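*Asks:* Sequence lines, in order, name chains A and B. Numbering follows our numbering, in which position 33 of the first sequence is assigned residue number 214; successive positions increment by one, without gaps. Numbering follows our numbering, in which position 297 of the second sequence is assigned residue number 301; successive positions increment by one, without gaps.
No lab work stands behind these hints, which were simulated from the structure alone.
Simulated crosslink set (DSSO-like; lysine-lysine; CA at most 27 Å straight-line):
no., chain 1, residue 1, chain 2, residue 2
1, B, Lys-90, A, Lys-339
2, B, Lys-212, A, Lys-417
3, A, Lys-417, B, Lys-90
4, B, Lys-131, A, Lys-341
These numbers were taken from a predicted model, which means no experiment stands behind them.
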Amino acid sequence: MYLWKYWRESRATFLASLLVAALFFVLILNASFLDPTYAGGVRLALPLSFLAWRFGSFGVGHDLDESCGSYLLSRPRSRSFFVWSDWGFGLVQLLLIVATLDVLTAISGHLQHFPGLNKAVGSSFLPLSGVVALHCVADLLIVGLVFGMTYFCTVLLKLKGLLASAGLLLWYPIALVPIVKHYWPSVKLPSLMLAEFVRSADGRIVGFADHLGLSIAARSAMVMVFPFAAIWLLEKRDVE
Amino acid sequence: MSDLAIATNSLHKRFGDIHAVDGLDMRVPRGAIYGFLGRNGAGKTTTIRMLAGLAHANSGEMRVLGLDPRVDRVRILERTGVVIDKMVLPSMTGNDLVKFNRRFYPRWSDELVERYADLLEVPMGRKFRNLSTGNRTKLCLLLVLAQGAELLMLDEPMAGMDPVVTDQLLRLLVEDFASEGRTLFLSSHHLSEVERVADWVGIIDHGKLVLEAELEEIRANFRSVRVAGDRLVAVGANEVLATNVSKGATEYVVRADAEGFAARLRGQGAIVLDVAPMNLSEIFLELVGRGKADVSMEVLA
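Extracted from the complex, chain A is given alone in its bound form (with noise of 0.2 Å):
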């Protein structure tokens, strides 16, 4: 019945990106003005990582905002039951939303708006559904981190979490890396969007990025840090 309460807070955000992926599978279709190239991958991360602080609100954060904190928590459920019941709903409504966007981008490459797709997939080294896969872990990645982190912050500071998170997720690319970089050149912070899964030559695909599956696995080992994170928090502050 809790997920009940996370779909009520989430379905309108939820439907409304559904929706709005709809609208821009149907531009593409019909629109001549795109760029018919597809560049290495059509990439969402930004709107995707822009929903995934949205939804990073619901849930016990927006509820410690509402001051109703001490009624949620006073509920006979372990804090971490409120946790991953947030963070795997919330990641769940998530990955349908990558998956229906990028099948949707597939669709489009098939059907020739987006000719460089079916370029990059051309040498055969991976099927188009195999990229399509990629892509989802790639976009879950990196808005599972934007979620976790965000709903992180709010636990730890309400409604003033959604700022401090999208603070952080700014700073770092436009701040941190490029003063980095000035003054160590030597040291390559990764980046956020995770572009590099794949090696192409000539637009076509060629073979995986190095340390794939490392890479992966530190990613998703950061993701999974927040809900710990909020759970150790939230057991270990009194609750208003």
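Based on these hints, arrange chain B on the given structure of chain A.
*Replies:* Here is chain B on its own, set in the frame of chain A:
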């Protein structure tokens, strides 16, 4: 099984330099209607928060239904109804809240929901945020009563209620809930309400329990002994709860054997003006109000 629904031992809770709960020793018998009294900021809400597992104690021990809230929070909350802020999920209607709560409690009763919704005339189809203060309180109590709890911990449940609603809710709590042998722990600073329904009373002041007694004991034994003169007589009596020195007279609040105490005073040369029974309000004022700052208990002990 312990005979106590709630027990605390030297419980402490600090917020920075403020000792919100300062060595609280409390015993709430099972089946009691326990009025937990204190002024605003005395530590009532903080105590309930700790008992419900919502706040952490700095030190001390506590047991709720024989279980430690720090270890068995979920098991306690399965058997305990808690109303603290009278704030529930604001975007939900009463019906939504029933749907939301039902699965959390194995002994949940939809029949009780229907009955209390009719009885209290709660608009179950309206969102919580759009309800009046009175209806919010009624809905909170309806939800907590439908849980089938063994223990209810209610923080200032009647605050902001008009007398008619207060009467209605108090009767409901006593006749429907507590009459079945379940424990009602009720914090309040509205003494007349507590005096009407409670059988046990605890008075907290500055985080310490300054009195814990059965209401019958208070009515039967607590007395005000007034003595002429404003110089304290060295009485050495453990039964003296408080002393109030005013112009030309000293008043002792005595919890037992008031006549014996008065006799001892007379034996020491004091002129006893009268020995009078006290009600809960008078005792409360003596303990946490006007007379308390005048004389420390150590002088009398």
